[in-house]
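**Student:** Position chains B and C against the provided structure of chain A, taking the given hints into account.
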Amino acid sequence: MHAPIPHALGLLCAATTLVGAMMVITRKVVVHAVLYLVVTLLALAVVLALLGAPFAAALEVIIYAGAIMVLFVFVVMMLNLGQADSARESEWMRPRAWLGPALLAALLCAELLYALPSLLAPLPPPFAGPATETPLPPAPPLFRLGVHDVGLSLFGPYVLMVELVSFLLLAGLVSAFHIGRRRAEER
Amino acid sequence: MAAFLIPLAVLCPLVASIILFTCARHLSTRGVGVVACGGVGLSALCCVILAAWLLARPVTEVLHVDLWTWMRAGGFSAHIAFMLDRISLLMILVVTIVGGLIHIYAMSYMRTDPALARFFACMTLFVAAMLVLVLASDLLCLFIGWEGVGLCSYLLIGFWHDNPANTAAARKAFYLTRIGDVAFLCALLLLATATGSLRIASEVGAAESGQVSHMVVNAATLCMVVAAFAKSAQIPFQAWLPDAMAGPTPTSALIHAATMVTAGVYLLARLHGLFALAPAVQALVAVMGVLTLLMAACTALVQSDLKRILAWSTISQLGYMYLALGCGIWQGALFHLMTHAFFKALLFLAAGSIILRAGHEQDIFRMNGLGRAMPGVTAAFVAGASALAGLPLVGAGFYSKEMILSGLWPARFMLAGHDIPAGPVLWGLGLLGAFLTALYIFRAVFVVFEGDSRTDPTGRTPAGMGIPLACLAVMSVFGGMVEMPDTLAPIHLFTAFLGLSPPQAHEPAWLVLAGALAPLSGLLAAWVLWGRTPRIMREMPGQASIIPLAGSTPRATDALYGLVFVRPLRVLLWFVRHDVAAYCLGRTGRLTRLASDRLELARRGMIGLVAGRTVMLTREGSILLGRMQDGRVRWYAAWIAAGLCAALATMVLP
Amino acid sequence: MPPLPPPPVASQALWAPALSFNESLVLAAVLFCIGLAGVLARRNLMFMLMSLDIMLNAAALVFVAAGARWHDAAGQVMFLMILALAAVETAVGLAIILCLHARGRPTLDGDSNNLLQG
Numbered sequence: 007m008h009a010p011i012p013h014a015l016g017l018l019c020a021a022t023t024l025v026g027a028m029m030v031i032t033r034k035v036v037v038h039a040v041l042y043l044v045v046t047l048l049a050l051a052v053v054l055a056l057l058g059a060p061f062a063a064a065l066e067v068i069i070y071a072g073a074i075m076v077l078f079v080f081v082v083m084m085l086n087l088g089q090a091d092s093a094r095e096s097e098w099m100r101p102r103a104w105l106g107p108a109l110l111a112a113l114l115c116a117e118l119l120y121a122l123p124s125l126l127a128p129l130p131p132p133f134a135g136p137a138t139e140t141p142l143p144p145a146p147p148l149f150r151l152g153v154h155d156v157g158l159s160l161f162g163p164y165v166l167m168v169e170l171v172s173f174l175l176l177a178g179l180v181s182a183f184h185i186g187r188r189r190a191e192e193r
Numbered sequence: 144m145a146a147f148l149i150p151l152a153v154l155c156p157l158v159a160s161i162i163l164f165t166c167a168r169h170l171s172t173r174g175v176g177v178v179a180c181g182g183v184g185l186s187a188l189c190c191v192i193l194a195a196w197l198l199a200r201p202v203t204e205v206l207h208v209d210l211w212t213w214m215r216a217g218g219f220s221a222h223i224a225f226m227l228d229r230i231s232l233l234m235i236l237v238v239t240i241v242g243g244l245i246h247i248y249a250m251s252y253m254r255t256d257p258a259l260a261r262f263f264a265c266m267t268l269f270v271a272a273m274l275v276l277v278l279a280s281d282l283l284c285l286f287i288g289w290e291g292v293g294l295c296s297y298l299l300i301g302f303w304h305d306n307p308a309n310t311a312a313a314r315k316a317f318y319l320t321r322i323g324d325v326a327f328l329c330a331l332l333l334l335a336t337a338t339g340s341l342r343i344a345s346e347v348g349a350a351e352s353g354q355v356s357h358m359v360v361n362a363a364t365l366c367m368v369v370a371a372f373a374k375s376a377q378i379p380f381q382a383w384l385p386d387a388m389a390g391p392t393p394t395s396a397l398i399h400a401a402t403m404v405t406a407g408v409y410l411l412a413r414l415h416g417l418f419a420l421a422p423a424v425q426a427l428v429a430v431m432g433v434l435t436l437l438m439a440a441c442t443a444l445v446q447s448d449l450k451r452i453l454a455w456s457t458i459s460q461l462g463y464m465y466l467a468l469g470c471g472i473w474q475g476a477l478f479h480l481m482t483h484a485f486f487k488a489l490l491f492l493a494a495g496s497i498i499l500r501a502g503h504e505q506d507i508f509r510m511n512g513l514g515r516a517m518p519g520v521t522a523a524f525v526a527g528a529s530a531l532a533g534l535p536l537v538g539a540g541f542y543s544k545e546m547i548l549s550g551l552w553p554a555r556f557m558l559a560g561h562d563i564p565a566g567p568v569l570w571g572l573g574l575l576g577a578f579l580t581a582l583y584i585f586r587a588v589f590v591v592f593e594g595d596s597r598t599d600p601t602g603r604t605p606a607g608m609g610i611p612l613a614c615l616a617v618m619s620v621f622g623g624m625v626e627m628p629d630t631l632a633p634i635h636l637f638t639a640f641l642g643l644s645p646p647q648a649h650e651p652a653w654l655v656l657a658g659a660l661a662p663l664s665g666l667l668a669a670w671v672l673w674g675r676t677p678r679i680m681r682e683m684p685g686q687a688s689i690i691p692l693a694g695s696t697p698r699a700t701d702a703l704y705g706l707v708f709v710r711p712l713r714v715l716l717w718f719v720r721h722d723v724a725a726y727c728l729g730r731t732g733r734l735t736r737l738a739s740d741r742l743e744l745a746r747r748g749m750i751g752l753v754a755g756r757t758v759m760l761t762r763e764g765s766i767l768l769g770r771m772q773d774g775r776v777r778w779y780a781a782w783i784a785a786g787l788c789a790a791l792a793t794m795v796l797p
Numbered sequence: 209m210p211p212l213p214p215p216p217v218a219s220q221a222l223w224a225p226a227l228s229f230n231e232s233l234v235l236a237a238v239l240f241c242i243g244l245a246g247v248l249a250r251r252n253l254m255f256m257l258m259s260l261d262i263m264l265n266a267a268a269l270v271f272v273a274a275g276a277r278w279h280d281a282a283g284q285v286m287f288l289m290i291l292a293l294a295a296v297e298t299a300v301g302l303a304i305i306l307c308l309h310a311r312g313r314p315t316l317d318g319d320s321n322n323l324l325q326g
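Taken in order, these protein sequences are the chains called A, B and C. For the record, in the first sequence the residue sitting at position 112 is 118 according to this note's numbering, with numbers rising by one throughout. For the record, in the second sequence the residue sitting at position 653 is 796 according to this note's numbering, with numbers rising by one throughout. For the record, in the third sequence the residue sitting at position 74 is 282 according to this note's numbering, with numbers rising by one throughout.
Just so you know, not all the hints are guaranteed correct.
Covered, in the sense of this in silico footprint (three residues per stretch, anywhere, with C-beta under 8 Å from a C-beta of chain A), are these stretches of chain C [what the hints assert, rightly or not]:
#, stretch
1, 226 to 239
2, 270 to 277
3, 282 to 290
4, 296 to 303
5, 306 to 313
Quick partial rundown of chain C residues pointing at chain B, CB under 8 Å, derived from the structure [unchecked claim]:
#, residue
6, M263
7, L264
8, G318
9, D319
Calculated directly from the structure, the hints in this document are not laboratory data. Since the structure is predicted, the reported quantities are computational estimates derived from the model, not experimental observations. Glycine is no exception: its CB is placed at the ideal position from the N, C-alpha and C atoms.
Only chain A is shown next, with the shape it has when bound in the complex (with noise of 0.2 Å):
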């Protein structure tokens, strides 16, 4: 039922996400980790793009692709990494330390990856209630949301969040500053 060229571009950038992922936790360079960054977060605002979600891709794009990327390259600049700093990050990076959480991860994401089916399938009977004894019905096509629906919804129901995530920056907004500004004092 895929489009075959969309879905194949959507398969492309998933992929691409993904081997930008890889790549930044792999680097020894910060400034190679940053721009891989970059690349994954552009190939996720495409995958948004895909689901249907223009504005949550342009966003991805602006802020975080954007903004926030900035200002890591901006630390960057300050830090003055050198020669020294990507000689210990290969003498921190041997195949011992990534033993354990190799492990790790590959065990949640197994786990994850065989939850899916489960956590789509409708709820075993004991949980289930009077409501949910009918089966999903077969996952319909995606709809695309414009910024008109999200809008709506941010000032509509989720107006009270709006108010709390704006608390959140200014409390982040003021410990920045405040860990900055005794930095200041203590020179």
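**Tutor:** Just chains B and C now, with coordinates in the frame of chain A:
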């Protein structure tokens, strides 16, 4: 117009408080006092106008003011809403008028204090919070005021925070009332889940029409009783109020005598419809009230600190109110609340003047014979004392106590289908309480004012302190005459004010006579013991040995708290830190000292083995737990991921 | 239990199903695990932060996909929230990194900053 005045009455003290908190530096000492008294005075003016407006209307008239919807979530909604009926009208009049007089007094009393602005800011904030509490028509809105008065109480007890004892007293008060706040919140949650709204009227209506299950009503009222007891320092929460006397005296008068501690009484009287559906809880309230009444009166009898005597007396009088509430005489409780606010504020303010003039001396045995040096204050104190003791005809307390006592006589409890005629017993105990009340307060009067002058009071009581004393003295003497027993005169202004019909059952005359004789005999006993023979009783150092149990009550309650709350925690800590085996063995040894040697040996061996194993397990476990908490972020993340794996595995694997 | 999918609305343009719901869930799961491995394996705080961002993106992808699946804008609302969360997290994290770097810990070793240990 009236709907506009209610928020204004709350807003005036609030604005005054904000001004004092923010612009204290730009105000002179006089300016601070004027702002504070002006805020409370304007509020009192609003309340008087409201009273005139409401009294001209039918009794059932209730003024509702909905300011805004606070929150709406699912089927639940809470509002910032005020309601003015006769009960809240009484409360706002008491709060603003007594509060205004105390503010005027405090202007002179605290004149030299460097932190005057902070003091008045807290006091006005307290008045605002108290008005919110008594005006709220939504229980969640009431909870704002409830917490606000607790906060102000904490701030004002620890007002002189240079002394660690004062901050410790403030913390004690805060923690103990916090237990009650949690209970109150539990009650709110129970009621909110049962009815979906916290409107007082709809709560009571829903409970009366049977929409709320019996279980929920009982549990919610029990939680509210715990909350009220913690706020009013009733058994078992009584320990905080005497320590709260560490605050300035006007604070003690306003918060810890006249208004805040009666918030619990107000809550129970406001919800009397709900409590009528839970007779077991009512019986509990009555029993605890009478116990508190007697215990606190006995304790007051052996205290030597003037303010502490008054604090214990407050606890004891609150016990009267709870006794009345428990027997369903809520109008009597409200009447006693009103007269108590008058005479207890008067007593505290007079005590403050005495203490100030006697050079900050609070021990009554070191300030004999003050009567001649300060006749005005003496007259005020004696007026307050006779009102507290309930001397017939001349004290406001007589009429309110009479209303409670005559209502107690026919009281019956319906417990589990049994009809228990507890009335006469409670009446007798209440009468004993009245006797004790007269005894301890006149003991203080005779010891302080009679005898040879030992301290030389300095200065004069300024007019700013004298005028409130005079006003309160008049109110304590004549304030009770609005309601009289039928035997004396058929005046029932108070019950008419509340919109109730006067009691139909005609109480026998000997009930009134007994109620009049009990305080008189107390006065006589006090005169015999402390007034007539000053030398013997006054020089006796170990007064506490008269009633050893009562003398040790404060210490005993502290020890009880230590045993119930602090000790288990300490033991837990100790278990974690020390060798448990030795402790267990020591305990076992003590327990089995009387048993035979063999048995003891056997027990030692067995318990030692068990304890040893436990210690080993605990140690290993603590080392493992310590390893987990090594402060390395990556390990924390790994533990979280491992937990996620385990949780997912239990979910998806069959 | 999720609500039943709504019937297709005529006025709503059907989007070519480039990626199905299941495929995006698989993508999100793998992405999340890659990020987790990065957080656990790397000692450099910069890399840990980047891995955290990958994990957050994986979570956001699930929300968007679910929103598209059940035709509910709440998914994208949650995406916005996650975006704000990530911004705050990155800002505070980078501030801490700068602070540590200025205080003479230029290695940015995540294991050495365990002053909070119990």
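**Student:** Against this structure, judge whether each hint is valid.
**Tutor:** To see whether the hints hold, each was checked on the structure:
{"no.": "1", "hint": "226 to 239", "result": "holds (count 13)"}
{"no.": "2", "hint": "270 to 277", "result": "holds (count 5)"}
{"no.": "3", "hint": "282 to 290", "result": "holds (count 7)"}
{"no.": "4", "hint": "296 to 303", "result": "holds (count 7)"}
{"no.": "5", "hint": "306 to 313", "result": "holds (count 5)"}
{"no.": "6", "hint": "M263", "result": "10 Å, violated"}
{"no.": "7", "hint": "L264", "result": "14 Å, violated"}
{"no.": "8", "hint": "G318", "result": "5 Å, holds"}
{"no.": "9", "hint": "D319", "result": "5 Å, holds"}
Consistency with the previously given hints fails for numbers 6 and 7, ordered from lowest to highest.
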